[in-house]
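4 protein chains.
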Amino acid sequence: MKLWDGRFSTETAKSAWDLNASIAFDQRLALQDIRGSIAWANVLNSAGVLSVSEVEKINHTLKTIAKEFKTNDFDFKETDEDIHTAVERRLGELIGDLAGKLHTGRSRNDQVATDFRLWLLDHIPILFEKLTELQVVLVKKAELDIDLIIPGYTHLQQAQPILLSHWWLSHFWSLSRDIERLLQIKERTAVMPLGSGALAGTTIDVDREDLAKELGFDFPSQNSLDAVSDRDFAVEFLFFATLTSVHLSKLAEGIILFSSQEFGFIELSDAFSTGSSLLPQKKNPDVFELARGKTGKMIGNLTGLLATLKALPSAYDKDLQEDKVPVFNAFDTLMSLLPVISGALETLSLNHEKIKASLGGNMMAVSLADYLVKKGIPFREAHKLVGEAVKIANNKELDLNELSLAEFREVSKEFDSDLSDVFDFEKAVSQSTAIGGTAPLAVQNQIVSAKKKLQEALHIK
Amino acid sequence: MKLWDGRFSTETAKSAWDLNASIAFDQRLALQDIRGSIAWANVLNSAGVLSVSEVEKINHTLKTIAKEFKTNDFDFKETDEDIHTAVERRLGELIGDLAGKLHTGRSRNDQVATDFRLWLLDHIPILFEKLTELQVVLVKKAELDIDLIIPGYTHLQQAQPILLSHWWLSHFWSLSRDIERLLQIKERTAVMPLGSGALAGTTIDVDREDLAKELGFDFPSQNSLDAVSDRDFAVEFLFFATLTSVHLSKLAEGIILFSSQEFGFIELSDAFSTGSSLLPQKKNPDVFELARGKTGKMIGNLTGLLATLKALPSAYDKDLQEDKVPVFNAFDTLMSLLPVISGALETLSLNHEKIKASLGGNMMAVSLADYLVKKGIPFREAHKLVGEAVKIANNKELDLNELSLAEFREVSKEFDSDLSDVFDFEKAVSQSTAIGGTAPLAVQNQIVSAKKKLQEALHIK
Amino acid sequence: MKLWDGRFSTETAKSAWDLNASIAFDQRLALQDIRGSIAWANVLNSAGVLSVSEVEKINHTLKTIAKEFKTNDFDFKETDEDIHTAVERRLGELIGDLAGKLHTGRSRNDQVATDFRLWLLDHIPILFEKLTELQVVLVKKAELDIDLIIPGYTHLQQAQPILLSHWWLSHFWSLSRDIERLLQIKERTAVMPLGSGALAGTTIDVDREDLAKELGFDFPSQNSLDAVSDRDFAVEFLFFATLTSVHLSKLAEGIILFSSQEFGFIELSDAFSTGSSLLPQKKNPDVFELARGKTGKMIGNLTGLLATLKALPSAYDKDLQEDKVPVFNAFDTLMSLLPVISGALETLSLNHEKIKASLGGNMMAVSLADYLVKKGIPFREAHKLVGEAVKIANNKELDLNELSLAEFREVSKEFDSDLSDVFDFEKAVSQSTAIGGTAPLAVQNQIVSAKKKLQEALHIK
Amino acid sequence: MKLWDGRFSTETAKSAWDLNASIAFDQRLALQDIRGSIAWANVLNSAGVLSVSEVEKINHTLKTIAKEFKTNDFDFKETDEDIHTAVERRLGELIGDLAGKLHTGRSRNDQVATDFRLWLLDHIPILFEKLTELQVVLVKKAELDIDLIIPGYTHLQQAQPILLSHWWLSHFWSLSRDIERLLQIKERTAVMPLGSGALAGTTIDVDREDLAKELGFDFPSQNSLDAVSDRDFAVEFLFFATLTSVHLSKLAEGIILFSSQEFGFIELSDAFSTGSSLLPQKKNPDVFELARGKTGKMIGNLTGLLATLKALPSAYDKDLQEDKVPVFNAFDTLMSLLPVISGALETLSLNHEKIKASLGGNMMAVSLADYLVKKGIPFREAHKLVGEAVKIANNKELDLNELSLAEFREVSKEFDSDLSDVFDFEKAVSQSTAIGGTAPLAVQNQIVSAKKKLQEALHIK
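If you read the sequences in order, they're chains A, B, C and D. Here the working numbering is used: the first residue of the first sequence is 1, the next is one more, and so on. Here the working numbering is used: the first residue of the second sequence is 1001, the next is one more, and so on. Here the working numbering is used: the first residue of the third sequence is 2001, the next is one more, and so on. Here the working numbering is used: the first residue of the fourth sequence is 3001, the next is one more, and so on.
It should be emphasised that the hints constitute simulated quantities derived from the structure, not laboratory data. Misleading hints may appear alongside valid ones.
Claimed, not checked - Quick list of in silico lysine-lysine cross-link-like pairs, DSBU-like style, CA-CA up to 30 Å:
hint	chain 1	residue 1	chain 2	residue 2
1	C	Lys2002	D	Lys3391
2	B	Lys1014	B	Lys1057
3	C	Lys2396	B	Lys1356
4	C	Lys2140	A	Lys14
5	C	Lys2391	C	Lys2356
6	B	Lys1374	A	Lys63
7	C	Lys2077	D	Lys3391
8	A	Lys453	B	Lys1213
9	D	Lys3063	C	Lys2375
10	A	Lys2	B	Lys1453
11	D	Lys3453	C	Lys2186
12	B	Lys1354	C	Lys2356
13	A	Lys396	B	Lys1002
14	B	Lys1130	D	Lys3391
15	D	Lys3186	D	Lys3453
16	A	Lys213	B	Lys1453
17	C	Lys2186	D	Lys3451
18	D	Lys3130	C	Lys2186
19	D	Lys3356	D	Lys3140
20	D	Lys3130	D	Lys3070
21	A	Lys70	C	Lys2130
22	A	Lys14	C	Lys2324
23	D	Lys3057	C	Lys2375
24	C	Lys2014	A	Lys130
To be verified - Quick list of the computed label-pair ranges, beta carbon to beta carbon:
hint	chain 1	residue 1	chain 2	residue 2	range
25	B	Glu1414	A	Leu94	19 to 29 Å
26	A	Lys356	D	Phe3025	52 to 62 Å
27	A	Asp424	B	Glu1011	28 to 38 Å
As the list claims (entries may be wrong) - A few chain A residues facing chain B, derived, Cβ under 8 Å:
hint	residue
28	Lys101
29	Pro125
30	Glu253
31	Leu312
32	Asn351
33	Ala434
Every residue gets a Cβ at the ideal spot worked out from N, C-alpha and C, and that includes glycine.
Full structure from sequences and hints, please.
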C-alpha cells in the first residue's frame, strides 16, 4: 500500500522502492507511532472529523495493533514503505475505510518527527540509569581504594603520586557532565511537532498545548516549517553520545594500560576478558578496546548527520530520513557498553605489589622543590636546582630518592638532614588538600560530593 | 627562556621547538593569563609565600604588562614557548627574581585550562549579542512581510502556500535553540581548574571557592585529574558553533535559491554581493555561499577535536594543545558571518511580482482534499481523488486551478460550484490557525512569542 | 565454542560476550573464510602437518560448508563468536578432532585480514560495473541532448549558456576519477596477510608467494606486524566511496533543482519518484535526496574509521573489529544508489519550452565584452562597460538583449549595428571550441573521449 | 581594485568584503599565479589578442612582480580581494591599461584551480622527500637493532617475542603505501583547468595540450564545468595526509608507551623532549604527543572539505574557496612533524636491560603449543593444554617458563625433558622464517626489500 499514488501512472521501480523504504529501521518507532495516532484520533474527534464511535473503534484497534508489535505478531508486508504506512495499512485491514480518516490534517512529516522525539523521550531515562549505575561503581571503587597510592601521569610519564580513588573519581565527574547534557537535551526533545502538517501547520482545529501534554511533551513547537525539519534533538543526542564515548575511551585507555604486563596494576576478571585463537596465554581487554574503538563510530555518526543536515533548503527533505540509524546505533552502543564496563570494573582485581613497586622516587621532585621554596628560594630557582639533582641522579642511573645528602648538597646547601622526610609518598599525597586535590581528606570530601550528585540523580529519576 | 630546562643537558632541536611552541596562537589568552596570575599572586600572599609588598609589586607589574598587550607594545621573543612563559619572562625582566615565585604551586596545566575558560567566558557574551542581532533582523523581516504569500516547499517542490514571515521566523527558532545551548555551555565553562596543579591538586593552602568567585567562575573543579584534562567546554562550544552554522547554511541555501533567476524572489543589495572577473552581468550571493561552505570547516573543527581527545590516557597530554585553534576559528567564523548575514537580510529587496507569479495552483491540492473531507469522504480517499485530478491536469499541461468543474466532476461528483472558493491562496494560508501554523493570526502570535524570547535574552545580557 | 578458553576459569559474562561477538556482521565473509581455509589446509599439507587424506577430508568438508552458506542452510549457534569460529565449529561437527589441526600456525588476526581483503577483491568488480553503467547512461544522455542549450550557472546565477550534453558529461569525468581510484585501491588490497600469524609471522614452512597466487592476491605482505593491523585498504575504500558519493550528491543537487517548479527543466518518471501522504499533487525527487543525504553517512563512515585507527598502538587491537560495518555499509549504499540513479536519469523527460524560456539575455554579457575586445578595447575596460550596460538594463527591469542600440551607444560608441549578432545563444555556445569547452564540436570530441574511456574500462573488466 | 564592479551601484559593505576576501591565505599561490599568467599571455599573443611587444612587456613585468614576492617586497593593499586581483592591480600600476588585456578569455575560476594545482605539484616533491627521509631513518634503525628482541604485543598484552627491527620496519611499510598514494594523487593533480573560463570553456583560440605542457601539466581537463569545480585533488591530498598522520600516530603511540617508566625501553634525547613548568623531573615526549594529537586536526581538515563539497550544485560556487586553508594546513603539519620524528628517532637511546627484563615467559605459550603439535596433537587440543598450564602457572604467580617439568606433565604426558629448549626467545624468534616474519633472516630480507623501495623512490625523485 502506498499513501500517495493517486497522481502516479507507473509503478515505482523496485530499486527505487527499496532505496526509499525506511521500514527496516523505523519499525522501532511502532509503539510511539501508535501512541501519536491515538492522540491524533482524539483530536479529530474533538474537531468533528471523527464521531465518538469512530474514534473508539480506531483507538481500540490501534491498541490491538500495539499488542501485535509487543508480541512480535505484527506481520510486515513488502509494500509497507514505513512504519506509518504499515500501521495505517493494518488498521485498514481491521476496520476498513474508516482507517482512511485518521490521516486527516496530518502528514508523515510531522508524524515521524513526533514519533522520533517520543522514542528518544522513552529511551533517555534508560540510558540515564545505565550511566548512573557506572557512576555508582566508580564511587564504590573510590571508597574501596581510598588507601592505595598509584603513580599519577602526565604525558604518560610518572608525575606525582595520587590516590587510585582520585583516579576512579576523575571518571565520575566527566560522566556527571554527560548526564547533565543528556537531561538538557531531553528538555529540548520534549517539544511536539504534531499539528505542523506537511510544513504549513494543520487546518484541523486543535489545541496543541493540550495535545502536547496528552503525549507527554512539555510544549508544542512554535513554527511548523521549523518543526518538520528540526533535527537538533537528534544531532544533540549524537553529540552527547559521542562525548560520553570519548570519556569512556579515556577510562578504557587507562584500564588497557594498567592491565598490560609492564604496568601490571590490574587484572581483569575472566568473565570480562577474552583470549586468543593462536596464543594460549593471552587474556585480552577486548571489552575496553571495543569501548575505545567504538568511539570512532560515534564520531562518525555525529559527523555524518551534521553533514547530511548541511545546506538542506526547505521544510522537509527526504535527506532527513538519514537521522534514525545513527541515533539508534548510538543508543544501542552505549547500552551495550555501559553495563559491560560497570561489570568489568566491579570484578577486576588489583596487584598491590606491582603498584607499590612502580612508584618512582622521581615523582618526589616537586616535593623537593616545595622543600626549597619553604627555605625561601623562589620556585623557579628551586625547580632548576631540583632539575639539576635529577640530572645527576639520571647520570648515575638512580632515582632522586637514591641520591645521598652529600650529592644533594652539591646542588644546593639548602638541602639538609630533614630532607629524608620528603621522600614519603603518603606525606606527598596528603599535601594536596584543597578542593579537588588528591589528599585523602579531599578525596573523602569528593566522595561525599559525588554521592550527593547521585542522590540528586535518583531524585530526578 | 624555558620554564623547565633544569634537568636537560642538550638544547632543544629547532624543529622540535617550533613544533612544540604554542605562542603563535595562545597569545590570544594574554589578558586572561594575567588576570589568572594576579589572582594566584593574591593566593600566594594569603598562603604566606609572597609578602604584601611582593604581591603588590607583582600585580602592579602584571597590570603594566597587560597594558603592553592592549596597546600592542608587548615584544614577543623567539624563546617564548607559550603565553605563560612570555608573561613570566617579561615579569622577570621588569622585577627580577621575584617573578620566579609566582609559579609556586601552580602548573601550566591548570593555568592554561583556566585561561582558556576565562577567554570563552569573556567571548560568549559577544557572540550572544551577534546572534540576537540576527534574530532581531529576522523578527523585523517577519513583521514587514506579514502579508506576503510565497510557495512553501518540501523536497524543493511547491507544497503549500505560506507566509514569507513564517519562513523568516522558522530561522528565528533554530537560533533560539542555539542560544539556549550557548548559555548552558557557558555555565559548564564557569568551573575553575586553577588550584589543580599539574594533576594532583596544589599544595598551597587556598580557598578555591573564593578564588573561583574572584576570577568570575561559578565553582571550583571537583577533581584535579579531571580538571587539567577536561576539554568538554571546548568541544561543546565547537558543537554549538557547528550546529549554529548548520542553521545558517539552511538559511543561506534558501537565500541562494530565492536569489537565482529561476526563483527570482529576492535581490541582494550591491553592498552584500560580489561580481565576476569574467562575466560582467554577474551578481553573486558569495556571502551566503561562504556561510554555507564554512559549515564544512565547522564540522571539521568539531570532528577534529573529538578525534584528538579520543583515547587520551592520563591527566594532561600535549595533544590537548590542539584545543585552541579550532575554538578560535569557530568563534571568529561566527563573528564574521553573523553581522554580514544580518546586514544582507536587512538590505535585500523582494520582487513581489515574481513571487506572486510563482504561486502554483497545484499547491491547492490539499485544500481540495479538505474540501472533499468536509463532504464526508475519508481523507485517504479524498487524497486519491485529488491525485487523479492532478494526473488529468498534468496530462493537459495545466495546473489544478485551470481544470473546469466538469473535469473535476469526472473524478468525483462531490466537486461542486463552491469549488472555486478553494483556489484562493489567502484563504488557504489562513486555515492553518493552530499554534505554529502559517495563518496570519498564528504568525502574529509567533512574532509576539519571538519578541518575548528576545526580551528575555536582553534581560540575560 | 570458544577458540581460546583453556586458561580461563570463569564463563564470559553474557553482556561481554554480546559486545565482543562479531558474527552478526562478519558472517558476510563466510565464503572468503572458507576459501582461505582451503588454501591454508594445502599449506599445512605441504608442510607435513596434514596428511593427504586429512587435507582432502578437510577441504571436501569445507566445500560442503560453503554450500550450506550459499543455500542459507548454515545453522549459526549462539556460541559462534565470529565467522572463523563458526566455520571451525561446523567443521568439527562434521569431521571431529581433525578440524582442530586446521588452525595450526594461523591466527584469527591474519585470517580476518585475509578474508576481508578477499571480500573486497570479490566486490570491487561489481561496483566497478555499476559505476560504468551510470557512465554509459551519462554518455547516452549527452548524445541525445547534444542540441539542447541550457543556462550554465556559477554561484547558482545564470552565467553563460552551455549544452545540456556538456552538463551530463561533467558528471562522467568525476566518476572516471572515482573508477581510477577504485582500481588503484584494488591493487593495494591485493596484498595477502595470511602467514603473518598473530603478529610475528608463522612458524609453518610456507611459500607465501605461491599461497598469494593461489588465493588470487598479487603479493604477500612484507611485514607481519604491519599486515595484521593494516586497514589502509578499508579506509581507502571508504574514502573512494565517500568521494564518489560527494559526486553523486552534486549530480543529485542539480537534478533536484532542475525538477523544481521554478526551474522546471526536468520531470522525473513516476517510476523513480514518490508522493506525499498529505499533499496529493506532490511528486518528489526522493531518490536524489537520498543520494544527497546518504553522503553524510558516507562521510561519517570514513571519519569514524579514521578516528578508530588513530593512535592504536600495537599489531592487532580489538578496535580493528570496527572496520567491517562501515565498509559493508558504504558498499551497500553505492550498490543501492547507482542503479536507481542510472534508471532515474534514463527515464526522466525534459521540458524543452521551459528550458528555452529560461535562457536569460544577461548571459550574453561576456560575449558583449568579447565584442568590444575584438574592437581593441582591453578586456578589463570592456568588462566595465558591459557592467554599466547591465546596470542600465537592470534599472529598466530589462535583460541586456532588450536594450536598444542607442542605449548601448550611451555606454560606448564602439557598439554598432553588428551588435545584434551577439545575442544568439547558439553562436555564443559555439565559440568555446578549445578542448573541454561547450561548443558542439568540442562536446562531440568529449563524447568520443568518454567512449574511449569506457572501452578501456570494459577491457579492464 | 575590484575586477567586477561595473554593474554595481553601492560599495561593498566592509564586513562583507572582509568575509569574502581570500588574500590572507591565497597569497601563497603568488608565484603559481604569475607562472599561469605568463603562459596565458603567450596564449593571448598566439591568438592575436596581444602583440609581441605587449606580451613581452607583460611577461617581463610579471617576472619583476614575482621577484617582489620572493624578496617579500610586494606591497599588499587592503583592496586586494585575492592574489589574482593583487597581481593584476600591481601589473596595472607598472604598465597601465595594457594590464587589463591579460584577463581576456580567462576567469578567476579556471585561474585559481590552475594556481592551486600548480602549487600542489610544486610541493608534493618536498613532502615526498621528507617522507623518504623518515623511511631512511627507519631502515637505519632496523639495521642497528637487528639483534634486539622485544616483546611483541597484541591488545597491548605481551604476545610473542619479535625483533625490534621488525617493529621499526612495520612503520616503513605503512609509509610506503602513503608515498604510493601521494604519487598517484600527483598524477591526478597534473590535469590543467586553464582554458575552462568561468565555466563554459574559453573563446580564445588555444591549443590546451601545448599550454598544459608549457605549464608542467600532463593533460588539459576534458570538461570545463568539471574543471572549475573539481577539487578531488585537494580532498585526495587531505586524505593522503590524514592517513599518513594516522600512521605517524601509531608510531607515536608506540614511542610514548616505550618511553614510559613502566615500559622503559626507550629514552628520548633531550633535544627532542620537553619538561614541565611545575615538575622538575619530567621529560615528556611532547613531539610524539603532538604527532598523535594533530591527527585529529587532519581528520577534521578532510571531513570539513568533504562536507563543504557535499551537494554543491553548479560549476563554481564560492564555497570552494574553503579548499585552500585545510590543504595548506595539512602540508605544513606534515612538513613540521616529519623532520622532528626523524630526528627524535635517530637520537633516542635504548635501555637494553629493561628490554631484556621485560620479556615474559608466557610469550612462549605458542611455542609450547607448537611443541605439542610436533608430537602429533591437533593444534586446537595443544592450545587448550597449554592454556591449562598457563592457568596453573598463574595460580602459582609464575610465568610458564618457571613451571617444573612435573607440573607440565600433570597437564600432558607429551611434555618431556626436551621441553627446556622451547624457552629460548632467540630460538622462538628464529622460527618465523616465511616472508614478512620476524626471524632475523626474514628481517634481513625485509631490509633488502625496503632499500630497494627507497632506491626506486630516489629514481622517481
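Taking the numbered hints from earlier one at a time, note which ones the structure violates and give those numbers from smallest to largest.
2, 10, 14, 21, 29, 32
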